[in-house]
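Engineer: Given the coordinates of chain Z, assemble chain W onto it according to the supplied hints.
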Amino acid sequence: MFVSLYMLFFFLILYLKNKNRMFDVPKPIKEYTVSIVVPCYNEEKSILETVKSILASDYEGLKKVIVVDDCSADNSYNVVKQFAKQEGRVLVVRTPQNLGRAASAKNYGAKFADTDLIGFSDADSFLEKTAIRKCLGYFNDKTVAGVTCSVLVKNQNKFIEKLQAMEYSIIAWTRKLLGYVDGIWAMPGPLALYRIEIFREIKGFDEHNLTEDIEIVWKIINKGYKVEMCLPAKVYSIAPSKFLYWFKQRIRWDIGGIQCLNKYRGNWTSKLGYFIIPFFALSMFLGLFGTAFFVFMAVRRIIQTFFYTEYSFAAGTALLSADDFYFSATVLNLFGIVLFLLGLFFTVFALRMIKEPELKGFRNIFNLLFYMIVYLTLYPMLLLFAIGKMIKYKIQGKRIGWGTK
Amino acid sequence: MLNSSKNAFWEALVMAVFVFSFGILLGFLLENSRTLKISDMYEQSNLDLLDVRIQNDIFSLSDVDCGILALENTKFADRIYGEAKLLDKYEISNKVSDSISLQHKKYDLMRALLWVNSIKLREKCNSSVHDAVYLYDYNNPSLEAKAKQNVFSKMLGEVKSDVGGNVILIPLSGDNGIFSVSLLMNLYGVSEQDLPVILIDEKVKITGVVGKDEILKYLQ
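Quick mapping for you: the protein sequence lines, in order, are chains Z and W.
The numbers in numbering that gives the first Met the number 0 rise by one with no breaks, and the one at position 36 of the first sequence is 35.
The numbers in numbering that gives the first Met the number 0 rise by one with no breaks, and the one at position 22 of the second sequence is 21.
Source of the hints: derived by calculation from the structure; they are not laboratory data.
Hints should not be assumed to be uniformly reliable.
[Unchecked claim] If you want a taste of the chain W side facing chain Z, the calculated C-beta under 8 Å gives, among others:
#1 S4
#2 L12
#3 K84
#4 S92
#5 L142
#6 K153
C-beta atoms are modelled at their ideal positions from N, C-alpha and C, and glycine is treated no differently.
So that you can see chain Z by itself, here it is in the shape it has in the complex (with noise of 0.2 Å):
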């Protein structure tokens, strides 16, 4: 309770020292030239509108589209072939053979990049014309390696996608927030622009990481170098629309965190180990402890109420009474709805701010509700399956996939 309250606080007062530039676009004092690697397995139905997204963009320095086909078993590779018949700038390459993940697709296209920046866009995201544009002011800072943008949800019909839509601003709000204290520890992969000198200097993605995305800005930061975000910059992206692909997707997600939590663990004393470090081991350690604490009251609960209703019906007594309806709030539950409230205030307020028109009005009352007690009520169960699943994977000597779609 007491690191969700001071998590709170910490955005709250981030949000009030820098809310006259949260929405800034710095105005770059060069034209850097840019190309977009978008790597591609299987995405035969929406590469093209993908692709053709990046080339709409306003940005005259967009010099290169390379989409590096990682041996689709689709007709994704002839799709895109095709239209680069027509527009110059698209550069279609396959890898030698199917590399099976998306950090080993992106290294391979940036061999085919030259300009001064290099981005990386997924093939089923979809960038405002503005996106590039409005990130490229942060480059004029020397030391800033890379910048990331507001992910947002482009489906948003299916409950599911509707509660990830909201996720998606959150995280995008509070991203933003984090920068200011060089907190920022992902760029998500529908959209993020790197100097391409510091992309080649680190080596690019590792390979062996399931979010390549987040291990490169804690290689970045360990180098030294800085991330900006910029939040009026947006790129949509297709979420999840089934559980599953969403269990499967966020599954990866906490190992790929793992994963990197591991490999940098010896490094708290690089400017890593100042903000980045210790918030991923904090929110591992409270999201284990967490999901214990639920598991060990809810099996409690329910052996009492197995015996309970046992002896119940030996005695021949009423299950419930007027009596059981009685409560007595404790201070454990006034903090509990204290920060309740205070939560669906920053939700609500980051929502407002994002003005993503699809999460406005009533009609999102419930989905709001839902997100806030359930979704990240249960959330941090998931770590538990990908701890499971890197054990079990290990124990079978495997190589931990993708496993969404």
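Structural biologist: Chain W alone, transformed into the frame defined by chain Z:
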């Protein structure tokens, strides 16, 4: 990173500590107000108990109607039974301070006195009012014992509704470190290992879960 943003780390800590401390303080105040309420009720009940005991003493001096004494004793028992339920609720919801557990002990002593008074009254007056003393595990009941205690407690409440003034219900913690309660338990063959126990008229000892009808049978 701007210095002003860097300060957010300790500024948030100060605010969180302030709000958290304020919350704990409010918690103390809330719990103390509940303890005060229980304490006031205790004071009133203590006076009533004194009254009931003096009535008994007067009975030994002169010829007073036994029925009136039994009725007063039952009325008093019913009142502190209601107070015991409230005390239980408050005790469960007390998380910050431990002051209410002292009140619990005081009530236990009062209920022990009531029990003794009821025994004496039955002996003297040959009263038809039964007593059902419910001795429970207060300090560390297992999950199973807790479930059993909940059922006992509910069942006795239902029995009381059915039988009304013919029974005095005395819930009493059997492991609260009160010597007089331990003495009474020893006297009637109840050990801490037996808890929870329902003792009817100091003769029938019920340790397992039985049907409500069986309890009613002993109270007829």
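Engineer: Hints first: check each against the structure and report whether it holds.
Structural biologist: Taking the hints in turn, this is what the structure says about them:
no.: 1; hint: S4; result: holds (4 Å)
no.: 2; hint: L12; result: holds (6 Å)
no.: 3; hint: K84; result: holds (7 Å)
no.: 4; hint: S92; result: holds (4 Å)
no.: 5; hint: L142; result: holds (5 Å)
no.: 6; hint: K153; result: holds (5 Å)
Comparing the model with each numbered hint stated earlier shows that all of them hold.
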